[in-house]
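Asks: Residue numbers (our numbering), protein chains in the order written: chain A, 7 to 279; chain B, 7 to 279; chain C, 7 to 279.
Treat the hints loosely; a few may be bogus.
Since the list can't tell identical chains apart, any single copy or any two copies may satisfy a pair.
[As the list claims (entries may be wrong)] Simulated crosslink set (SDA-like; lysine to any residue; CA at most 25 Å straight-line): (1) Lys113 - Gln51; (2) Lys123 - Ser226; (3) Lys181 - Leu54; (4) Lys258 - Gly230; (5) Lys21 - Gly80; (6) Lys248 - Gly219; (7) Lys173 - Glu206; (8) Lys112 - Leu127.
Note that these hints are calculated values from the structure, not bench results.
Letter by letter, the chains look like this.
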Amino acid sequence: MEAKLITLITDFGHKDPFVGIMKGVIFGINPSATTIDLSQGISPQDVLAGALVLRYAVPFFPGGTIHVAVVDPGVGSSRRPLLIESEGSFFVGPDNGILSLALEGKKISRMIDLSNKLYHLNPASTTFHGRDVFAPVAAYLSLGIPPEDFGTTVHDFAHLPWPEVTKTGGALVGKVIYIDAFGNLITNVRDRDVSALHPEKPMISVAGVTVEGLASHYSSGREGGYTALINSWGLLEISSFKGNAQLLCGAKVGDEVLVRNSQESEQQAQAKI
Amino acid sequence: MEAKLITLITDFGHKDPFVGIMKGVIFGINPSATTIDLSQGISPQDVLAGALVLRYAVPFFPGGTIHVAVVDPGVGSSRRPLLIESEGSFFVGPDNGILSLALEGKKISRMIDLSNKLYHLNPASTTFHGRDVFAPVAAYLSLGIPPEDFGTTVHDFAHLPWPEVTKTGGALVGKVIYIDAFGNLITNVRDRDVSALHPEKPMISVAGVTVEGLASHYSSGREGGYTALINSWGLLEISSFKGNAQLLCGAKVGDEVLVRNSQESEQQAQAKI
Amino acid sequence: MEAKLITLITDFGHKDPFVGIMKGVIFGINPSATTIDLSQGISPQDVLAGALVLRYAVPFFPGGTIHVAVVDPGVGSSRRPLLIESEGSFFVGPDNGILSLALEGKKISRMIDLSNKLYHLNPASTTFHGRDVFAPVAAYLSLGIPPEDFGTTVHDFAHLPWPEVTKTGGALVGKVIYIDAFGNLITNVRDRDVSALHPEKPMISVAGVTVEGLASHYSSGREGGYTALINSWGLLEISSFKGNAQLLCGAKVGDEVLVRNSQESEQQAQAKI
Numbered sequence: 007m008e009a010k011l012i013t014l015i016t017d018f019g020h021k022d023p024f025v026g027i028m029k030g031v032i033f034g035i036n037p038s039a040t041t042i043d044l045s046q047g048i049s050p051q052d053v054l055a056g057a058l059v060l061r062y063a064v065p066f067f068p069g070g071t072i073h074v075a076v077v078d079p080g081v082g083s084s085r086r087p088l089l090i091e092s093e094g095s096f097f098v099g100p101d102n103g104i105l106s107l108a109l110e111g112k113k114i115s116r117m118i119d120l121s122n123k124l125y126h127l128n129p130a131s132t133t134f135h136g137r138d139v140f141a142p143v144a145a146y147l148s149l150g151i152p153p154e155d156f157g158t159t160v161h162d163f164a165h166l167p168w169p170e171v172t173k174t175g176g177a178l179v180g181k182v183i184y185i186d187a188f189g190n191l192i193t194n195v196r197d198r199d200v201s202a203l204h205p206e207k208p209m210i211s212v213a214g215v216t217v218e219g220l221a222s223h224y225s226s227g228r229e230g231g232y233t234a235l236i237n238s239w240g241l242l243e244i245s246s247f248k249g250n251a252q253l254l255c256g257a258k259v260g261d262e263v264l265v266r267n268s269q270e271s272e273q274q275a276q277a278k279i
Numbered sequence: 007m008e009a010k011l012i013t014l015i016t017d018f019g020h021k022d023p024f025v026g027i028m029k030g031v032i033f034g035i036n037p038s039a040t041t042i043d044l045s046q047g048i049s050p051q052d053v054l055a056g057a058l059v060l061r062y063a064v065p066f067f068p069g070g071t072i073h074v075a076v077v078d079p080g081v082g083s084s085r086r087p088l089l090i091e092s093e094g095s096f097f098v099g100p101d102n103g104i105l106s107l108a109l110e111g112k113k114i115s116r117m118i119d120l121s122n123k124l125y126h127l128n129p130a131s132t133t134f135h136g137r138d139v140f141a142p143v144a145a146y147l148s149l150g151i152p153p154e155d156f157g158t159t160v161h162d163f164a165h166l167p168w169p170e171v172t173k174t175g176g177a178l179v180g181k182v183i184y185i186d187a188f189g190n191l192i193t194n195v196r197d198r199d200v201s202a203l204h205p206e207k208p209m210i211s212v213a214g215v216t217v218e219g220l221a222s223h224y225s226s227g228r229e230g231g232y233t234a235l236i237n238s239w240g241l242l243e244i245s246s247f248k249g250n251a252q253l254l255c256g257a258k259v260g261d262e263v264l265v266r267n268s269q270e271s272e273q274q275a276q277a278k279i
Numbered sequence: 007m008e009a010k011l012i013t014l015i016t017d018f019g020h021k022d023p024f025v026g027i028m029k030g031v032i033f034g035i036n037p038s039a040t041t042i043d044l045s046q047g048i049s050p051q052d053v054l055a056g057a058l059v060l061r062y063a064v065p066f067f068p069g070g071t072i073h074v075a076v077v078d079p080g081v082g083s084s085r086r087p088l089l090i091e092s093e094g095s096f097f098v099g100p101d102n103g104i105l106s107l108a109l110e111g112k113k114i115s116r117m118i119d120l121s122n123k124l125y126h127l128n129p130a131s132t133t134f135h136g137r138d139v140f141a142p143v144a145a146y147l148s149l150g151i152p153p154e155d156f157g158t159t160v161h162d163f164a165h166l167p168w169p170e171v172t173k174t175g176g177a178l179v180g181k182v183i184y185i186d187a188f189g190n191l192i193t194n195v196r197d198r199d200v201s202a203l204h205p206e207k208p209m210i211s212v213a214g215v216t217v218e219g220l221a222s223h224y225s226s227g228r229e230g231g232y233t234a235l236i237n238s239w240g241l242l243e244i245s246s247f248k249g250n251a252q253l254l255c256g257a258k259v260g261d262e263v264l265v266r267n268s269q270e271s272e273q274q275a276q277a278k279i
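Can you build the whole structure from these sequences, using the hints too?
Replies: Encoded structure:
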């Protein structure tokens, strides 16, 4: 059995040793594991951000990768620890929705409640399942232990609602779902949503800013202005070339984004909605 | 000889290439080394925080691990660079106390002053022993060079005082020793200190806040309130569910924490002290 | 062919999964690659800082290392993606100068415009060449694909101007070129520039602060004061022992630094300039 990658997403940050401790547990069990930090900088308890980071990272990992995601405010409560196998890859984390966006539309082969304490640290704490449950399970899984050995099969898991884009008249109404460290405003409006709109030149409005047309790359825009483009996740994004769109316009996650035909006024588009 | 893990604790942060440069030196000497970041985010010159991070991470690493800790304001001065072997693991760093809390109560097999310049970069700077002394020593050690080859045996090393919990009457008086990135207030009061107190329901006071009873997990508390629990390091911790206890109450490292019987007023407990 | 190291410098930060995604692409192509973060914390679009980090890290990596540097505000525009081979090591990144300071004075064996799309992800985005171009090229290169297979040979690349130190009368005039996370002010004045000056005790002035003489190590200075020394990169640096020189004096990158003979007043030195 070849070595598998283990990726880690947490809200533990980089100041404390919590992620390093998880790696100590992993390498203690499987010295030939390879771990990759997807993000340890998720905002505390921001399960949605963790789920989005996982969703858009998974397609770039080889089959067989084990993805561990621990944004887990309910650690130690009755929320279940889960292992899900889907299309040849593995997802390990709390059953709070953090795994759900990456699994949307995917075939699920197995869902296991990690109830077999043989594969946990002993004793396990009630406050750090990243160390005591998820890290050792991922490590034993990377050694080739079959998924069903880790606990009992279950038949559902918690889903975060994917914020849907609505279409009214000629306009799309979406939301800002993620803001990256550059201050780029990433929306839930997909490439194909915009294509389906067929406007000659879409007008994109968010947080009081309106951008006309889609650019092909960041430096198409002028410094200090705004640019809209389809980003590397296939999503509509509003950015500011060599600037920070979030700081410039004050947008935040959850803000509405409106995409309409340039022949139509914002009032007309909103009236239709 | 099998490959060994090398862990790294520094106050170098993530903006500058200093940690990456240390890894370049390590992999140049031992291409099959595995390095793990325990924390590169220790506050500048905070030797105590580095020592605590090391202490609570070490138990989760396999035997034979080489722990390198470089919070080293005295670099280039007469403070000695050390290698300590204890219970099958290795500790490399400046002799300023950073290694001491992890070694408390442990059997020490060897203490070496890293005086053999054959295993340093040549020339070695006086400002970056992480790169020029500690990284190459850790790498050569991971190749199987015996500890005594790195320098002369010494018989003591600098100790940080472990802040002791005092007991007066029915009350324990401890301190906040570490605050993590979630804002959780970690104290020096251990699980067994609280158990030895035998109160029906302990009252925990810190920074003007009083919490009644110990919770089993974070989400036992209500949002915006405070929760006390025994954390994953076996220490009494005050947290705020989905909040940041440090920001809420303004506590800082060194603040006093009082644990008393709920039948007793804070005044009575303090009068006894 | 033995495994090669792949180092990564980006301005992607640690909150988002962009660096982890690049590693997913790399390990998907070469499962036995070893990646090292040199810095993912370059300030957004700060090509000069990325180029300096690369320059001073490269000498500490073994021959054959593949250095990937992606600070790339022009991604998707006509700026070329490059692979440069120099003295047995490899440099991969956009042709915007980020590779140039590390290559100054070095023998260049090959310069390749990465025009062969066989080694890119397909389709490649116009916004994330780190993932779609530079990561796969580095991974295939680490597998032993010859450099010339990645595209067409070119004969020049973009150079950042290295800020030269000028000498007028007995004084050197340099600049602050980088400020590290400790707040140390790193200048372009080299060890040999200062030696060539032959002052008994150099007087160093920057941002309204004057320091007399060079110290051998940080703790030579008194807390709260300033110290000048030759740092681990061989450059003149102004620091404050257990303090943050940048915060204390307000210096910024680009500020002038003056090194003169202690027998000479600042006015005399400036008059000569």
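Asks: None of the hints should be skipped; say for each whether it holds.
Replies: Against the structure, the hints come out as follows:
1. Taking the shortest alpha-carbon separations for lysine 113 and glutamine 51, neither the intra-copy value of 28 Å nor the inter-copy value of 40 Å comes in at or below 25 Å.
2. For a Cα distance limit of 25 Å, the shortest separation of lysine 123 from serine 226 across copies, 23 Å, qualifies, whereas the shortest one inside one copy, 55 Å, does not.
3. Only within a single protomer do lysine 181 and leucine 54 lie at most 25 Å apart by alpha-carbon distance; the minimum there is 13 Å, versus 36 Å between protomers.
4. In this assembly of identical chains, the alpha carbons of lysine 258 and glycine 230 lie at most 25 Å apart whether taken from the same copy (19 Å) or from different copies (22 Å).
5. For the identical chains of this complex, lysine 21 and glycine 80 are neighbours both inside a copy (22 Å) and across copies (22 Å), given an alpha-carbon limit of 25 Å.
6. When the C-alpha separation of lysine 248 and glycine 219 is checked against a cutoff of 25 Å, the pair qualifies only within one copy, where the shortest distance is 19 Å, while the shortest distance between copies is 40 Å.
7. Taking the closest pair of Cα atoms, lysine 173 and glutamate 206 come within 25 Å of each other only inside a single copy of the chain (17 Å); across copies the shortest separation is 60 Å, beyond that limit.
8. Taking identical chains as interchangeable, the C-alpha atoms of lysine 112 and leucine 127 lie at most 25 Å apart only when they sit on different chains, with a minimum of 22 Å there against 31 Å within one chain.
Against the hints set out earlier in the document, a violation occurs for number 1 only.
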